[in-house]
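Quick mapping for you: the protein sequence lines, in order, are chains A and B. So that you can map any letter, position 80 of the first sequence is 80 in the numbering used here, and since no number is skipped, the others follow by simple counting. In the numbering used here, each residue's number is its place in the second sequence (first place is 1) plus 136.
Honestly, the hints are just simulated from the structure, not real lab data. Ideal placement from N, C-alpha and C gives every residue a C-beta, glycine not left out. A few of these clues could be false.
As the list claims (entries may be wrong) - Quick partial rundown of chain B residues pointing at chain A, CB under 10 Å, derived from the structure: (1) Leu188; (2) Ile351; (3) Ser352; (4) Thr382; (5) Cys408; (6) Asn411; (7) His412; (8) Glu469; (9) Ala471; (10) Thr477; (11) Asp483; (12) Ser545.
As the list claims (entries may be wrong) - Per label pair, the in silico range of CB-to-CB distance: (13) B:Arg437 <-> A:Glu70: 37 to 43 Å; (14) B:Ser245 <-> A:Ile110: 24 to 30 Å; (15) A:Asn42 <-> B:Glu513: 58 to 64 Å; (16) B:Gln520 <-> A:Arg35: 27 to 33 Å; (17) B:Ala321 <-> A:Gly136: 37 to 43 Å; (18) A:Arg108 <-> B:Pro320: 52 to 58 Å; (19) B:Asp260 <-> A:Glu70: 34 to 40 Å; (20) A:Pro67 <-> B:Asp331: 38 to 44 Å; (21) A:Glu70 <-> B:Tyr346: 40 to 46 Å.
Given next are the chains, with one letter for each unit.
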Amino acid sequence: MDWLLGTSLGGFLVAVFYPVVSYIIPPETAEASARSVVLGFNPLDVPRNSGQIFKFGSRPGILVRTPSGEFRAFSARCTHLDCTVQYRDDIQHIWCACHNGHFDLAGRNIAGPPPTPLEAYDVNVRGDQIVVSRRG
Amino acid sequence: MIRVAHLPVVITVVAPLILAGSAAGPGALLAQARPGDAACVRCHLEQEEESLVRPVVRFEEDVHRAAGLGCLDCHGLGHEGGEDPASGLAFLSKPSAEEVVRFCGSCHSDAAYMRQFNPSLRVDQLQEYRTSVHGRLLLEEGDTTVATCVDCHPAHEILPPSDPESSVYPQRVADLCASCHADPALMEPRGHETDESDDYREGVHGQLMYEEGDISAPTCNDCHGNHGAAPPGVSSVGNVCGECHTTMAEFFEQSAHEEWFEAEGLAGCAACHGNHDISPPDETTIGLRFDDVCTQCHDPRDPVALEFTAMAVFLTELQEEHELSLAALEEAENAGMEVSTALFELDEVSTVLIRARSAIHSFNYHTVEEVLEPGLEITEAAAQRAEEAMEEHRFRRVGLGVFAGIVLSLVLTLLLKIRQLEGVPSRSDGTIPADKGAHS
């Protein structure tokens with residue numbers, strides 16, 4: 001009886017502390033959905049007139065650094081058929097290769113079939129971090 | 137100046153019928169009319185013929201009315217053959233087809249005049265019309281049955297193209313063109329087909345436009361032009377399609393086929409995809425297209441057939457792997473597992489598939505393979521992540537069962553222990569025997 005009681009108590013303690021330890025030392029996975037995200041690159045490493053895709057929740061976002069050095073971020077899902085857009089430094093547009101959709105540096109649909117602008121995010125540079133947040 | 141309030145108005149039965157669809161009543165129309173137009177409005181409302189009443193009723197919603205223009209700005213003064221004493225212009229009642237074109241063009245080609253209403257409005261409509269099939273037939277051959285401005289933009293009821301009620305709203309353009317181009321009486325004498333509109337509706341662009349409500353999908357004027365409407369020439373088809381299908385056009389231009397197609401008089405994209413009844417492309421049609429189209433030049437035993445089939449197989453494989461991985465990840469996500477990174481990475485495969493379908497237009501297996509390879513790597517990693525997530529999910533379920541068992545066992549053991557302790561007889565002085573107390 002005492003052995004059974006001791007074993008059950010030991011098992012109980014293991015079952016209680018295992019999740020606690022797992023919580024304290026989590027696996028390296030990002031959060032499922034986010035209202036804001038800290039990008040994994042330093043603002044100084046992003047050249048002017050360039051764009052980079054980043055993960056925002058489970059969806060792609062695009063960070064654009066304009067030729068004047070300003071950071072802007074948008075959803076990278078084209079509003080036409082959901083292809084991932086890219087930055088074209090030759091024409092300084094956000095561009096969708098699928099059907100030649102063009103967006104300006106404010107995310108506005110300016111040519112091709114995309115019916116609406118890209119969803120815009122807020123960008124804040126805090127020291128060596130870039131924080132992108134959903135608006136509203 | 138005519139004073140509206142003093143006009144004896146005798147409204148016929150026709151005006152109220154037309155006004156049923158309008159926000160304004162006859163009195164309101166008169167009150168709202170510009171001073172110079174009041175006489176026109178009053179007289180037209182009294183008419184018995186619907187065609188005479190309709191212009192003044194419908195004009196209230198016309199873009200020209202919104203811009204501050206009225207009857208006299210287009211028709212001038214001097215009713216029934218008279219002349220406007222100020223300008224000397226003759227009254228323009230119902231202009232002929234040729235007069236319509238010149239008349240509309242007189243303002244719409246004048247950049248200085250149009251700028252005061254909308255500086256961004258184009259002023260090359262007349263110039264374009266002259267180059268169109270319609271314009272050439274009318275102005276060079278005197279064919280008055282062709283479309284002029286008012287056939288597409290009905291006079292007195294022109295709405296902005298963005299208005300769903302406008303005759304040129306994207307979802308109404310195919311019907312507008314079909315009103316002539318599906319009419320055998322008009323088309324057969326010219327040797328034209330009449331099924332383009334029906335074909336368009338069945339094709340991928342028509343399905344997008346009407347079944348999915350995507351007004352950004354191309355309609356007649358996007359490929360043929362609007363004021364300069366003309367069929368694209370054989371050598372121009374690729375440029376027209378390439379306006380949207382840029383990457384496909386680039387691959388095609390880099391392939392040897394562009395030159396061969398031109399030499400054979402094949403109309404680029406349309407040679408394989410058709411023009412109005414363009415079927416939605418998928419991997420299964422690649423093989424079919426080889427039999428239908430490629431064998432016109434290629435021998436069916438040509439090694440290129442194998443290469444083409446291999447492209448289809450490779451594409452199908454990625455498509456299927458993508459669907460399986462996505463389903464597995466969604467199952468894991470529904471089970472409460474964290475797989476957002478894998479879903480994010482898998483998202484790229486949709487773009488890879490579109491790029492690969494574009495790369496087919498290079499007609500080169502290795503080019504397609506180069507595009508597809510990263511997609512297969514992503515789907516493989518995603519499937520593995522889904523498996524790991526479900527394995528972890530199973531571990532958690534088993535762990536929960538074991539934990540529940542341990543708790544139950546602990547509770548039962550404690551109960552038994554308590555009962556055991558309660559079953560020990562105590563001494564009259566309340567103390568526990570030494571041998572029993574040592575265990576507790």
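B:Ala471 as chain A interface residue, shortest Cβ-Cβ below 10 Å: Check failed: Cβ of B:Ala471 comes no nearer than 13 Å to chain A, outside 10 Å.
Per-residue hint verdict: B:Leu188, partner chain A, C-beta under 10 Å: The hint is violated - B:Leu188 has no Cβ within 10 Å of chain A, the shortest such distance being about 41 Å.
Given B:Glu469 as an interface hint, is its Cβ closer than 10 Å to any Cβ of chain A? holds (8 Å)
Just to be sure I understand the hint, the distance between the Cβ atoms of B:Ala321 and A:Gly136 should be within 37 to 43 Å; is that true here? violated (57 Å)
For the hint 24 to 30 Å, verify it against the beta carbon of B:Ser245 and that of A:Ile110. Holds, since B:Ser245 and A:Ile110 (Cβ atoms, about 26 Å apart) stay within the stated range.
Regarding the hint that B:Asn411 lies at the interface with chain A, is the smallest CB-CB distance below 10 Å? violated (18 Å)
Does the hinted range 34 to 40 Å hold for B:Asp260 and A:Glu70 at CB? With a Cβ separation near 36 Å, B:Asp260 and A:Glu70 satisfy 34 to 40 Å, so the hint holds.
Using the Cβ atoms, figure out if A:Glu70 sits within 40 to 46 Å of B:Tyr346. Check passed, 42 Å falls within 40 to 46 Å.
Would the hint on B:Thr477 stand, with a C-beta cut-off of 10 Å toward chain A? Status holds, d = 6 Å.
Chain A contact restraint on B:His412 - CB to CB distance below 10 Å: With Cβ-Cβ at 18 Å, over 10 Å, it is violated.
Given B:Thr382 as an interface hint, is the shortest Cβ-Cβ distance to chain A below 10 Å? holds (4 Å)
Could one say that the CB atoms of B:Gln520 and A:Arg35 fall in the range 27 to 33 Å? holds (30 Å)
Violated hints for the displayed structure, listed by number in ascending order: 1, 5, 6, 7, 9, 13, 15, 17, 18, 20.
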